[in-house]
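Trainee: For reference, the chains in residue letters:
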Amino acid sequence: MTKRSKRRLIQNGINPTRFSRGQIKFYTYLVPICLIMALPIVFFFMNAFKPMEELFAYPPRFYVNRPTLDNFRRLFSISSSTTIPASRYLFNSILSTALVVTASLCMSVSAGYALSKKKFRLRGPMIEANNLALMFVAIAVMIPRYFVIAYTGLHNTFLANVVPLLAMPVGLFLIKQFVDQIPDTLVEAAVIDGAGDFMILTRIIVPLVKPALATVSILVFQLSWNSAEASMLFINDETLKTFAFYMQNLSAGDSSFLQSAAGGNSTAGAGVAAAPMLIMFLPNLILFIVLQSKVMNTMAHSGIK
Amino acid sequence: MNGMLRTRGAAVKGFAGRHSIGIMLFPYALLFSLFIIIPVAAAIGLSFTDFDTIRRPGFVGLKNYITLLTADEVFMKKVLPNTIIFSMVVGVGGYILSFLLAWSLAQLTKIPRTVMAIIIYLPSMTGGVLLSAVWGVIFSGEKNGYLNYALLKLGIIEQPVLWLQSESTLLTIMMIVTLWSSMGIGFLAILAGIMNVNQELYEAAYIDGVSNRFQEIIHITIPSTRPQMLFGAVMAIVNTFSQSRVGTVLSGDNPTPGYAGQLIVPHIEDYGFLRYEMGYAAAVSVALLLLIRLSSVGAFKLFGSKED
Chain A
166 MTKRSKRRLI
176 QNGINPTRFS
186 RGQIKFYTYL
196 VPICLIMALP
206 IVFFFMNAFK
216 PMEELFAYPP
226 RFYVNRPTLD
236 NFRRLFSISS
246 STTIPASRYL
256 FNSILSTALV
266 VTASLCMSVS
276 AGYALSKKKF
286 RLRGPMIEAN
296 NLALMFVAIA
306 VMIPRYFVIA
316 YTGLHNTFLA
326 NVVPLLAMPV
336 GLFLIKQFVD
346 QIPDTLVEAA
356 VIDGAGDFMI
366 LTRIIVPLVK
376 PALATVSILV
386 FQLSWNSAEA
396 SMLFINDETL
406 KTFAFYMQNL
416 SAGDSSFLQS
426 AAGGNSTAGA
436 GVAAAPMLIM
446 FLPNLILFIV
456 LQSKVMNTMA
466 HSGIK
Chain B
5 MNGMLRTRGA
15 AVKGFAGRHS
25 IGIMLFPYAL
35 LFSLFIIIPV
45 AAAIGLSFTD
55 FDTIRRPGFV
65 GLKNYITLLT
75 ADEVFMKKVL
85 PNTIIFSMVV
95 GVGGYILSFL
105 LAWSLAQLTK
115 IPRTVMAIII
125 YLPSMTGGVL
135 LSAVWGVIFS
145 GEKNGYLNYA
155 LLKLGIIEQP
165 VLWLQSESTL
175 LTIMMIVTLW
185 SSMGIGFLAI
195 LAGIMNVNQE
205 LYEAAYIDGV
215 SNRFQEIIHI
225 TIPSTRPQML
235 FGAVMAIVNT
245 FSQSRVGTVL
255 SGDNPTPGYA
265 GQLIVPHIED
275 YGFLRYEMGY
285 AAAVSVALLL
295 LIRLSSVGAF
305 KLFGSKED
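From first to last, the protein sequence lines are chains A and B. Counting with my numbering, you get residues 166 to 470 for the letters of the first sequence. Counting with my numbering, you get residues 5 to 312 for the letters of the second sequence.
Chain A extracted, bound-state conformation (with noise of 0.2 Å):
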C-alpha cells in the first residue's frame, strides 16, 4: 500500500473518529437530504400550535407567531360534546399497545429461543416458514383475516386490536438472530446446573437480548398505535376503537370536526388535524429516541444468510 492510500484509507474510513476535510462532500448532500426529511414534520409541528387566524393566514407562513394550544383544547372540547370523549379512544389506544407490546414480546423471545436452541423436528421448516412470513403483508388478506376475526369471536370485542397483532414475524426473526449469537455453550453450562427452559428463559436469555427486545418494542409499538385497520373492519362498538381510528376520520377531508373548525379550507384543516397528530406522533418519538442505540445493535444482526 502506497503511503499516500494508506493516509486516504485512515482519514476516509468508515467511522471515522474525527473529522477530517474529506468529510465535508458527504455533509453537502446529506445535510440538504435531513431538511427535506424533517422540513415536513416540523411543517407540521408548528401548525399544531398555530393559532386559527395564523393557519388561514395568507401568505402562508412558515414558523408560528403566537404559539397557542387552542388545537388541542379543541379536540378535546368539540369531543366532549359529542357522545364519546378523545379520552375514551387514547385510553383504549393506550391499554391496547401496552398489551399488544407486552404479549408480542413475551411469544417472540420464548418461541426465539426455541427455535434458535432447541433441537426439534419442526425446527428447520418453521424458521422457514417465518422467514417467508417476513413478506407477509397483512393488508393483502384482510378479507380472510375478518372472516378468522369472526371465526374466533373476536369480531366487535376490544381484544380485537390486540390478537391480531401479536404474531410478528419480523419481530421473531430479529430476536432469533440476536439469540443465535449467545453461545451454545452458556446454555448448556446452564443446563448442566440443573435449570429448566423457562430459567434459562428468563435469567439468561431475556437479559442478552434486551437490545433486541428494544428494537422489537419499537416496531411493535409502531404497529399498534399507528393501527386502525382493527377499528375499522373488526369492531362496531365506537367505544372500543383507538385513537389512530379517531384521528383518521377527523383528518378525512369531510370529516365535520374539520368543516366546524377550519370552514372547509383544506390548509387550516390540515392544521387543526395537526395537533391530534403530534398526540399520535410524539410517543413514537420519545421511543425511538430513548432506545435508537439498541436498535443500531440490532440490526447488525438483522442479515438474512
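I should point out that these hints are in silico values taken from the structure, not numbers from a laboratory. One thing to keep in mind: the hints can contain errors.
Cross-link-like lysine-lysine pairs, in silico, DSSO-like; alpha carbons within 27 Å at most [what the hints assert, rightly or not]:
(1) A/K375 <-> A/K459
(2) A/K459 <-> A/K283
(3) B/K81 <-> B/K67
(4) A/K375 <-> B/K114
(5) B/K157 <-> B/K147
(6) A/K284 <-> A/K375
(7) B/K114 <-> A/K459
(8) B/K114 <-> A/K190
(9) A/K283 <-> A/K375
The calculated label-pair distances, taken between Cβ atoms and stated as ranges, are [unchecked claim]:
(10) B/I70 <-> A/T350: 54 to 60 Å
(11) B/H223 <-> A/F237: 51 to 57 Å
(12) B/G159 <-> A/A263: 51 to 57 Å
(13) B/T173 <-> A/Y194: 22 to 28 Å
(14) B/T173 <-> A/R238: 31 to 37 Å
(15) A/T350 <-> B/D257: 56 to 62 Å
(16) B/K305 <-> A/R186: 36 to 42 Å
(17) B/I70 <-> A/P372: 52 to 58 Å
(18) A/E403 <-> B/L104: 45 to 51 Å
(19) A/Y194 <-> B/I160: 22 to 28 Å
(20) A/H320 <-> B/D257: 23 to 29 Å
(21) A/R368 <-> B/R279: 54 to 60 Å
Note that the structure is predicted; figures quoted are calculated from it, not measured. For every residue, glycine included, the Cβ atom is placed at its ideal position computed from N, Cα and C.
Starting from the known structure of chain A, arrange chain B on it as the hints suggest.
Mentor: Here is chain B on its own, set in the frame of chain A:
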C-alpha cells in the same frame, strides 16, 4: 440401578424438554397460523369461488384469474401500470437511495451520523394516518397551501392546483411521499451492516489494488453486508406493497380520482368491501402475494448466500 435411574432421569428431562418447546412455541405458532397461514390459504381457496358474502360460495375454477387478466380494464390499464411505476420508483429507487444514504452516513463521525440517521428515519414513523396530516399542509389545494403559494408567487401557475385530487399529479405525489417515508428498519439494518464491516478487509483490498471508493463499494462493502442488504431488500418490498393505500389516504377517496393513484390494495378493498365480490378480491390478493414473492425471489437471487 444407578444407570437405570440416570436413564429415567434423562427420559423425564427429555419429556419435560419436549414439553417446554411446545409451551414456548405454542402461542406464537397458534397466532401465526390463525392470522397469517389460514388467511393466505383462505385467500387462495376463495380465489377459485364466486363468494359474495350472501350466497354459498360456488367453485368457479380459474374464472377470477381469467377475468383479472383479460376483462378487468381498470386493473390492466390503471392498477398494474401504476403498481409497476410505483414499485420501481419507491421499491427499487428507495432501496438504492437507502444504501447510498447509509453508506454516506457511515463515513461521518459518530454524533453527526447518529443525529442524521434519526432524522432520516423519522418519516418512516409517520405511516398511515399521519402521512396525510404531514403532507396535507404542503399539497393543500387552497391558495394558501405551501406548494400552491410558492408556485403562485413564482408565477409558475396562475390558479391554485388541487394536487391531491388531480389525476396528473396524484401518483407522483404518492411516490414522493412514500419515498420520503421509506427509510425505515431496512435502512437502519444496512447502516448497521456497513458500520460492522471488518476494517482489515478495506486495508487488504487497497493492497490488492482497489483504488477508489466506487470499487471499494462493489468489492468490499456490498459483499460484506450481503445479509443486511437482503434484509433491507425484503423490507423495501414489504414496505412498497403495504404502503399502497397511500393514494386513498392522501386523496381521501377510494377509488382514487380517475384511478390515477389506484394500486393493488385499494383495488382489493374496492372489490371486497365496496362491491362484496369477495372471490374476485381474493384472486387479486393472491396475485399481490405472488408479486411480492416474485420480487423477493429476485432479491434472494441478488443477495442470498451461495449455498441456497
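Trainee: All the hints need checking, so say for each whether the structure fits it.
Mentor: Cross-check of the supplied hints:
1. A threshold of 27 Å between alpha carbons decides the hint, and for A/K375 with A/K459 the separation of about 8 Å falls inside it, so the pair holds.
2. Pair hint A/K459 plus A/K283 holds up; C-alpha atoms about 26 Å apart against a cutoff of 27 Å.
3. A threshold of 27 Å between alpha carbons decides the hint, and for B/K81 with B/K67 the separation of about 20 Å falls inside it, so the pair holds.
4. At most 27 Å may separate the alpha-carbon atoms for a hinted pair to count; A/K375 and B/K114 meet this at roughly 22 Å.
5. For the given pair, B/K157 sits about 10 Å from B/K147 by alpha-carbon distance, which is consistent with the 27 Å threshold.
6. Note on A/K284 and A/K375: the hinted pairing holds, with a Cα-Cα distance of about 24 Å set against a maximum of 27 Å.
7. Between B/K114 and A/K459 the alpha-carbon distance is near 15 Å, which keeps this suggested pair within the 27 Å criterion.
8. Proximity of B/K114 to A/K190 is assessed by CA-CA distance (about 17 Å); at most 27 Å being required, the pair is judged to hold.
9. A C-alpha spacing of about 20 Å is found between A/K283 and A/K375, which places the hinted pair at or below 27 Å, so the restraint holds.
10. For B/I70 paired with A/T350, a C-beta distance near 59 Å keeps the hint of 54 to 60 Å intact.
11. Hint check: B/H223 to A/F237, Cβ distance near 55 Å, so the stated range 51 to 57 Å holds.
12. Between B/G159 and A/A263 the CB atoms are about 53 Å apart, so this pair conforms to the stated range of 51 to 57 Å.
13. In this structure the hint that B/T173 and A/Y194 lie 22 to 28 Å apart at CB holds, the actual value being about 26 Å.
14. At about 35 Å, the beta-carbon gap between B/T173 and A/R238 stays in the expected band of 31 to 37 Å.
15. Taking 56 to 62 Å as the suggested C-beta distance range, the pair A/T350 and B/D257 conforms, at roughly 60 Å.
16. The hint said 36 to 42 Å for the Cβ distance between B/K305 and A/R186, and at roughly 41 Å that hint holds.
17. For B/I70 and A/P372, the hinted distance range of 52 to 58 Å is satisfied, since their beta carbons lie about 57 Å from each other.
18. A beta carbon spacing of about 47 Å between A/E403 and B/L104 agrees with the range 45 to 51 Å that was offered as a hint.
19. Taking the beta carbon of each, A/Y194 and B/I160 are about 25 Å apart, inside 22 to 28 Å as hinted.
20. Between A/H320 and B/D257 the beta carbons are some 27 Å apart, a value that agrees with the proposed interval 23 to 29 Å.
21. Separated by about 55 Å at the C-beta atoms, A/R368 and B/R279 satisfy the suggested range of 54 to 60 Å.
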